[in-house]
Each structure stands twice: as structure tokens, then as C-alpha cells.
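2 protein chains.
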Amino acid sequence: MQYKKRTHTCGELRPSHIGQPITLTGWVDTRRDLGGVIFIDLRDRYGITQVVFGPQYEEKAHQLAKELRSEYVISVTGKVEQRPEGTINPKILTGEVDVVGMELVILNKAENPPFAIEDDIDTNEDLRLKYRYLDLRRSEMQKRLLFRHKMYQITRKYFDEHNFVEIETPVLMKSTPEGARDFLVPSRINPGKFYALPQSPQTYKQILMVAGFDRYFQVVKCFRDEDLRADRQPEFTQIDVEMSFIDELDIQTIVEGLMKKFFKELLNIEVQTPFPRLSYKEAMEGYGSDKPDLRFGLKFADFSELVKDSGFKVFSESVKKGNVVAGFAVPGGAGFTRNQMDNLVDFTKSLGVGGLAYIKLTDKGIDSAIEKFLGNEICLKICEAAGAKPGDNVFIVSDTWQKTYSTLGTLRLEMAKRLNLTDENKWNLLWVVDFPMFEYSEEEKRFVAMHHPFTSPKPEDEHFLNTDPPKARARAYDLVLNGNEIAGGSIRIFNSEMQSKVFSLLGIGTEEAKTKFGFMLDAFKFGAPPHGGIAFGFDRIAMLLTNSKSIRDVIAFPKTSSGYSLMDDNPSEVDKKQLDELHIKLK
Amino acid sequence: MQYKKRTHTCGELRPSHIGQPITLTGWVDTRRDLGGVIFIDLRDRYGITQVVFGPQYEEKAHQLAKELRSEYVISVTGKVEQRPEGTINPKILTGEVDVVGMELVILNKAENPPFAIEDDIDTNEDLRLKYRYLDLRRSEMQKRLLFRHKMYQITRKYFDEHNFVEIETPVLMKSTPEGARDFLVPSRINPGKFYALPQSPQTYKQILMVAGFDRYFQVVKCFRDEDLRADRQPEFTQIDVEMSFIDELDIQTIVEGLMKKFFKELLNIEVQTPFPRLSYKEAMEGYGSDKPDLRFGLKFADFSELVKDSGFKVFSESVKKGNVVAGFAVPGGAGFTRNQMDNLVDFTKSLGVGGLAYIKLTDKGIDSAIEKFLGNEICLKICEAAGAKPGDNVFIVSDTWQKTYSTLGTLRLEMAKRLNLTDENKWNLLWVVDFPMFEYSEEEKRFVAMHHPFTSPKPEDEHFLNTDPPKARARAYDLVLNGNEIAGGSIRIFNSEMQSKVFSLLGIGTEEAKTKFGFMLDAFKFGAPPHGGIAFGFDRIAMLLTNSKSIRDVIAFPKTSSGYSLMDDNPSEVDKKQLDELHIKLK
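In order, the protein sequences belong to chains A and D.
Throughout the first sequence, residue numbering follows this note's numbering, covering 1 to 587 in sequence.
Throughout the second sequence, residue numbering follows this note's numbering, covering 1 to 587 in sequence.
Excised from the complex, chain A in its bound form (with noise of 0.2 Å):
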């Protein structure tokens, strides 16, 4: 098919283009026949031009472009004019000029699609992920795709810039699970032994600091085999740092630098570093999660003290067996009804807590169902802690610490979306650091590691791991923004014996540790640096910086929740010659 190149894109032409001879090529994005006339809006990734077709420019075009439709491809060339006074549309950068078509190759027809090539549409998502060629011409989806490929390239500007290398760690790796699922990849050549796709580059990263390469960084792809959440995908992609000879404070720095740049590149905010730190325990008891969103308040306070003694012996024998009473004040909540009430407190009881105590503070005082049993002081005590004012009201639960502040997390979330709190122009990012070493799962009855097996204790906790295990905390932290984990690391253990003795904590055998990281173990016995590291959830942040609000949009081609890619219809059976070859057959 014999064309003329374009000379120009969509998106190019300007007044001072007017009298030019050009050529455009794109995609119809609408028609309008005005009988004498015809116009095109032509579009293509750089914007959308509008050309004429008429019989006063030339018959043969403007016949042909009567053939004309939604998504044709068409190459158009003609010449620059200035729009009549009147028709100018100031809201496309091309809108003061038109293109005159005066010769027109239809290079590819098209159906009618079955969803219109426009922003905010409210189409299936299936049916947009099943013609995704479809779904990504929309301007808002090629944005989104724009915008991840500037962040690619920042990154890799950032880090090239800070003397980190790049290095590209394998993807048939060991199966090591531990944490997720491993997608595992049965050997040809090799019978009955299979690769694993990585969860992360984790031992490969420390490696290559025993190998001496310092500062390292990756955009890697990753892969875990859970059952999906709506904001999971199988395969994933990860920032992944890694950095010899430094400590937590060196790590932040790098980080913070990176956000700073995104920020400022892709949004053009200033965001003020250093962000700042809350320990583990300050966000959880503070805000009931390691993860909190700081762009409202409802900050918790600690009532066991006042309550301990009292007469309402559900708080006093509570506080008695160790557990905590603690709660926040919620504005204007004094005035919630009986039915408002009740409603959170079984949306409380859900959470799996006994119940939810609340004193409302009105001009008149305490408004509480258990004034009769705290008293009014202590319930003006409660409410003070809290910072309640008149007409607020003070949530309380009591439970153990974890659930008590996980509840009161959830709890705190809940009515920040009730009372629409979020200022969702701010941008809160800041760390949360000393997160415990180890966390109990009551599914496998074990100690699990809270980050991951490598992660090294603090100095000073080191006597935890022969004591106290659950005490010790790790060299831990996570980056939040606005309330999402967006990147999470550690100063690594270096040495054979230390994590020797930190895989045995987590159940980890001698024989199983040989046989899963012995290599790792081997390593640092010849020479292995201090080094610690971090990896940012890629998708997450574009996600969270392009306001969308799930990661498929910021994917091209996502799988949906059951990992299934309705475009091309895979997973999708084989034959058994190819199970043949590799030594497998289905169960």
C-alpha cells in the first residue's frame, strides 16, 4: 500500500503553519458530514487535528472520505489553513487551524468498536480488558502509560546518577517459598526440577553486594502466586535497591531524594524532606496501623490509666489482664443518632472486638450510656485525652493491644470516609520505622519474619533473639504515602551466623536453611559487607500519583483477580507434547 508519511503529528500544527503542504496520519475520531462538506477529527497519541474534505478542495478525496469511520487509519495530506472566525476550539492546542484534505489513503478499515474511544466512560471492565488495543487508545489510558514511562526513565536518571548500578538479576530463579506462592517453571532438560519466578531479587541483590557492586538498583519484575485482592496483580513490578556500607538513615535519604523527584517532575510539587518518622509503635498506637494516612487527624489516646480503677469493671478487669482501653475523638459525632450508633457499633463488633464504648461531649457535658458506671470525671478525663470538643465524640474499644489498635485503625478509616476527612490534594508521606522482627501467625502457629528472613535485629535488641524473641525489633522500615505501603526495606543480617540463628527462630531448619539459602549462607563466609536495601511497589505509586484507582489502569495489558488475561485468553490449555517434554501431566 503506496502512502505518504506523515510530516507532522496530530498534535503539531499551529498557525504558524498556515500555508503549508502536509501530511497527517491517525485515527478517524469522529465524522461529521455536513452534506458539502466533511470533517474529520484525526487523532493519533500526540493530540487530534480536524480536517476538511469538500468538492471545492478536491471531488476525489472528499468522495472517499464519505467511506470514512470511527478508527479508520488514514493518511491525509493537504494543506494548513486558519479556522473562520467563530469555529476556533480553544480547548485542543490545533484548534486555531484546519488541514484541507486533499489526498486521503484509507491504510485500514474498521469495525464499529464495541465501546467508545473517549475518557470516563463506565464500560465493563472486562470488556475493556478483552479489547485493551481498544481501551489504551483513550486518551486517559495513554496518559497513564505516559506517565509510567516518565517514571521509568526518572528512576533510572536518579540512580544512574547516584552511582548505583544497574543489574539484572535472573528469572528462572531457586523455588525458596517463603512469605507467597512461587510460580514455579517446570525444566526440560532438567527432569523433575523446576525454576520458581521471583518474588523478589532479594538473594540476588545481597549477593552482589558480597560481590562487592555497593550501590545496586533494578526495575524488575516480580511474581507471586496468591489469591488475588483487587489491588494485586500475579506479575509486578519493583523498584529494587540494595546499597553496601550504610545504614537505615543513608537508604531514607535515596528514597526520599527519588520522591522528591517524581514529585516534582511528574506533579511539580515541592514535597519537604526528610519525611518524618513514626516508630511502629507510635503508628499503631496512634493511628491503629503501620500504614497511617496522616492527611486527617483522628489521632488515638490511651485511657487505660484513667479507666484502670474505675468502677465499670469491663474496662478496670480489661486493663487488669493486660489489655489496653484507648479510642479517639470523633468532630462532630456527638451529634450521630441511636441508629448511626448502633450501626458502628456492630460494624465495630465485626471487626471482631466485644464492643465499642463512646461518651459524646455536648455544650451541656457528658452524653454517655456509661457515665453511670466510669462517672463524670473520668469521663471529662476520656474526653480531654482524646482532645474532644463539644460536640464530639469519644470511640473507645478495649482488647488486647493488637486488636484494640487494629480495630480502632479500621474504625479510624471508616469514619474518615464517613465524615469525607481526607483532603485529597494533600500528599503524606512519611516512614514508619522499628517494626518488630518477628509477628506470630496464628494460621502456620509460628513466628513469621514481619519483613523477611533477612532482615537483621537492632544492636541493641540482639539479646531479644535468645530471650525474648517477639521483643526484638528489626532494622525495619516502610515508606508510606497517604496511607499505602509504597515501598518497604531493612538492614540485612551479614553474617553466616546470624542468620543462621534468625531462620532457626522462624522454624527454619538447619537442613531446610542448607538447602533453600545455603549459597546465601555460603556468601558470607567469604567476605560479605554491611548492606540493606529497599524495594518501592512500582504499579502502587503510579497508581497513587496518577489518582487511579486500581493498578490495572496503570498496567497494560493486568490480568483480572482470577490471573486471567481476557485479551488473548491465557492461561490457556497446552498440548500434551509440551507437558510431554517437560516431564509433567496434569493431576
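It is worth saying that the hints were derived from the structure and are not from the lab.
Just to be clear, a hint being listed does not mean it is correct.
For identical chains, the list gives no copy identity; a pair is met inside one copy or between any two copies.
[To be verified] Computed cross-link-like contacts, DSS-like style, restricted to lysine-lysine with a CA-CA straight-line distance of at most 30 Å:
#, residue 1, residue 2
1, Lys143, Lys4
2, Lys260, Lys281
3, Lys372, Lys320
4, Lys445, Lys576
5, Lys5, Lys471
6, Lys389, Lys281
Computed from a predicted model, the values in this text were never measured in an experiment.
Given the structure of chain A, go ahead and fit chain D onto it with the hints provided.
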């Protein structure tokens, strides 16, 4: 462990630092205990600095320095001093100064490494791979990975500056075995179904063109489950590029620009663009290869016309059958002994043709066993056609076009090697174009795509698809560097009918095409633009530009030829539970 953070790297200190207190961290490269003082060469990835410990400086540090051994990791605080006259080391950039060690912290000890951490070791490669973290400490390996790092940055910057959009395509894709075998990934959530790892993101990048992205690139991991040859890896890195509304020249020009950057920024070499173009026919008939190495001559001549009516039946009857008689002049080959020639005849026969004829041209004229059949005049004409000078030897082969030229191609490379004709300082870049669409696979007894099934035929050859498919040439192009294919691409088919026709010529039935590529055929119905692209072998280019012997030397963690990672013992056996969850079992 408490230690001071480094103030400088081991490659940084100069006379301007003399007198300053500094801290260095790194690995003990060598240690010399002279009794009174101990010299340490301290190494990190930036260089080597000499540190001196002695009782006259600081007794405690000197005592501790006695414990140091190779590859110990240390932190040293001390003062920079001028080296005494006569001890300056001009070979290293820090060679004018010493650091006097005042405080020493041993950060980690090291066992004795199984091989020396130095360049040009002749250690068995398996041992290097097992202890890759030590192998990668060697300066030549560090340089290679830093070179590769620069290649990534140059590549991304170049494409970004040329308005290409970086888009990640899925790693968990659809299995569409065509060409090589797929690596498969069983789906847990979709029992009996499998993902495949991409052999290339070919279909996705074409879909991105249908989506209007216009200019796409990605540096991306690809996977082929093949029986590995020395220079192949199961996973490899590709620079993947696709453009819309373009022709061959646009792609080639973009590629030439990148190669120019690589040579300039990495090797400070100016390469001339545009690169020469050879058609497939010219490449085969001139050099017997579709990736000819033109750093040396040995160009072929076709003698068929000269011999077709001669009395030498071996040749004349061959020509009558439609075969070819061709060959090339070997400089100085008239001096080959009988023994050498017998050896070359055997070598040629081993390539699958009947034999090798030859005509020596000496100062006294023709010296050839076949002169008696051909006559002196034809022999002289053959020598003339081959450009032979006195002292040369014209090698002649006759068989089918394919066999003649591929045999001569192998023979040409062999002679270049034996006669040491390759100028190792030359960089020979060229394009091979106008490949046939199809080649007949003896193994599969059908036509297979020479490039891939999405390649467009040349417009003037489209009619051959109906009449004589092997005659149809493709809009395909390969970039060749010093006889290695380093990139290959094509202008693609962009409408369903042509795509279906090519599938059918390749023996891919309608049903199979629909199952495997239905989404692409569908996509082409909704307005696909004309498009084309190319893919570069990143590892191969890195290998060639760093003069490395194997692609394993430019990959951080490569696998052996049996797809095995010796460092971490991978692939490995997995728990039965893992297989159960994936609904598969071992055969």
C-alpha cells in the same frame, strides 16, 4: 557492630587529600606484613588504596591488622599521606598516597577464596559460576557489568529522546509455540491451564501499535527453552522496538543512531551511517552467509556461465541441472601443500557437498588437476572472475544454490581463521535485507517463516504468495556486526486477511490461528496502523563490544549449557504440596 561510615571510596584519594582524616571501607586485596609495618591494599569497586599500619602510628590498629587476611571486609580510619619517594605506584590513580591506619574495624572475616580475585585467571568456569559472588569481585567482571549498565542507560535515554514510550509487556503470557519451545508456568487458580514465558513480546508490541502508541521500546527479558549452545541462555535480554506509520528506512535509521551512540559513548569510536545494505541474495552469493563478516574479503564469484559448456562434466552437468558452480580466491593459497589441500577437501566434504575443486594460479600460470578437463583458458577466466593473483588458489564448489553458498560461507570463515585475515580492530556493521518470506524445513516438511509469521511480504512480491511462495521476499532486515546477527526486524502484516493467508501458507490452520492468535486477527479489524519494528540481542552486543568470549561473561548470574545455575543449585526439586496446588504431577 559500630563502625564509621566511609568518607571516600578506595578509588578517590589524591595528593590533594594529603593531611585529611578519612575513613575507607572495602575488601583486603593483599596484605604484606613487613614485621614493622603492615601494608594493606584495600579494594572496592572504585579502586584500590594502600593502607599502612604500624606501631609508630597506632599500636591497637597495628595489632588488629595482623589478623587481616584476603577478602576480609574492613573499615579503616586514618590520615592521607604522601607516599615516600620511590614507592609511588603510577599504575593506579591513588598511587601517590597512602592512608595511615589509626582505627581498624573488621566488619567481616573471609574464608580463603577458591580462586584468586584478579583478572586473567584460568579457573574452570564451573567454579567461577558456583562462587559467582567472588568471580564478580574481579575487576574485569565488574567492568563488564558497569559497561552493561551504561548500555542500559544509553538505550533508554536514546529512545526516550526520540519520543518512544517504554511499556512493560506481560511475562506471564500465552503459549504460542512457533519457532522455539515455550517455558510453561502452570496456573494454580486455573487448573489445567498454563502461562508461557515470552519468547519475545512480539504480539504485545504489535497490539500496542494497534492501541496507537506509535513508538514503543522496552529492554526486556525473553525466554527460549532450547537445547543450549555455548552462546545461548534460557533467558536473555532484548531491546524491543516497534513503530507505526513508518517504513524500513525509519527503523533502520533509528537503529543506526543507537549503534552510533553505543560506539561513541562506550568505545569513543565514530561509526559511519548509514550502514551498507546487502540483499540476502547478495550476502549469500557474495559471502555464503546471511550475516557476513566483511572485516575481510574472500568474496565469491559465480563460475556457472564459464563452465556450463566445458568438457568438465562434473561442472557442466551440474549447471544443466540448475545447480551453481562458484568459489573464491584464497590469497597465497597456491602455496598450500598436497596435505593441506587434502585436509581442506575433507573439511568441505564434511559440510555435505561432493567435494572441493581448486585452481592454483602461480607465476608460471595455472596449476590444477581439473585443467585437463576445463582447459587452460577457462581456468584463467575462473581465476580472473575470482580476482585471483599469482600465488592464490581458487576454491570451487558445485551443488544446489543453497548448498554451494552455505558451504562456501563456512569455508570462507574457516580460511579467514586459518590465514588470520580478520582485523580485530575493525567493526563491521551492515544490514542484510530482502530475506525470503519462507524457508523449507526439512525437519518439519513444511514452509516455516524465515523471520516470523507476522512479517509482511514486499508489495511487489505479494502475488508470489498465490503462485510461488518461496519466491516472495519479506520486508525483513537484520543488523550484522562482525559476522554476528545483533538485531532483526521487519515491517509487519497489519490486516487480518494477509495475516490469515500467511498463517495458512505456514500450515497454521484456521482453527489453530484463531486459538493462538485470534486476538491479533481481531485487533487488526479495529483499525491497525502500518507498523514494523526490530529486536536487538542485548547480551550479544554487550559481549561483542566488551570483547568477551561468552555471553556468560556479560550476565551477572548466567546458567550453564544445561540451563543450570551452579551458585544456587537451580532448578531444583520442589515439595509435592507445591505440585498438588498446581494440579500437576511428575511423570
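Earlier hints that do not hold, by number: none
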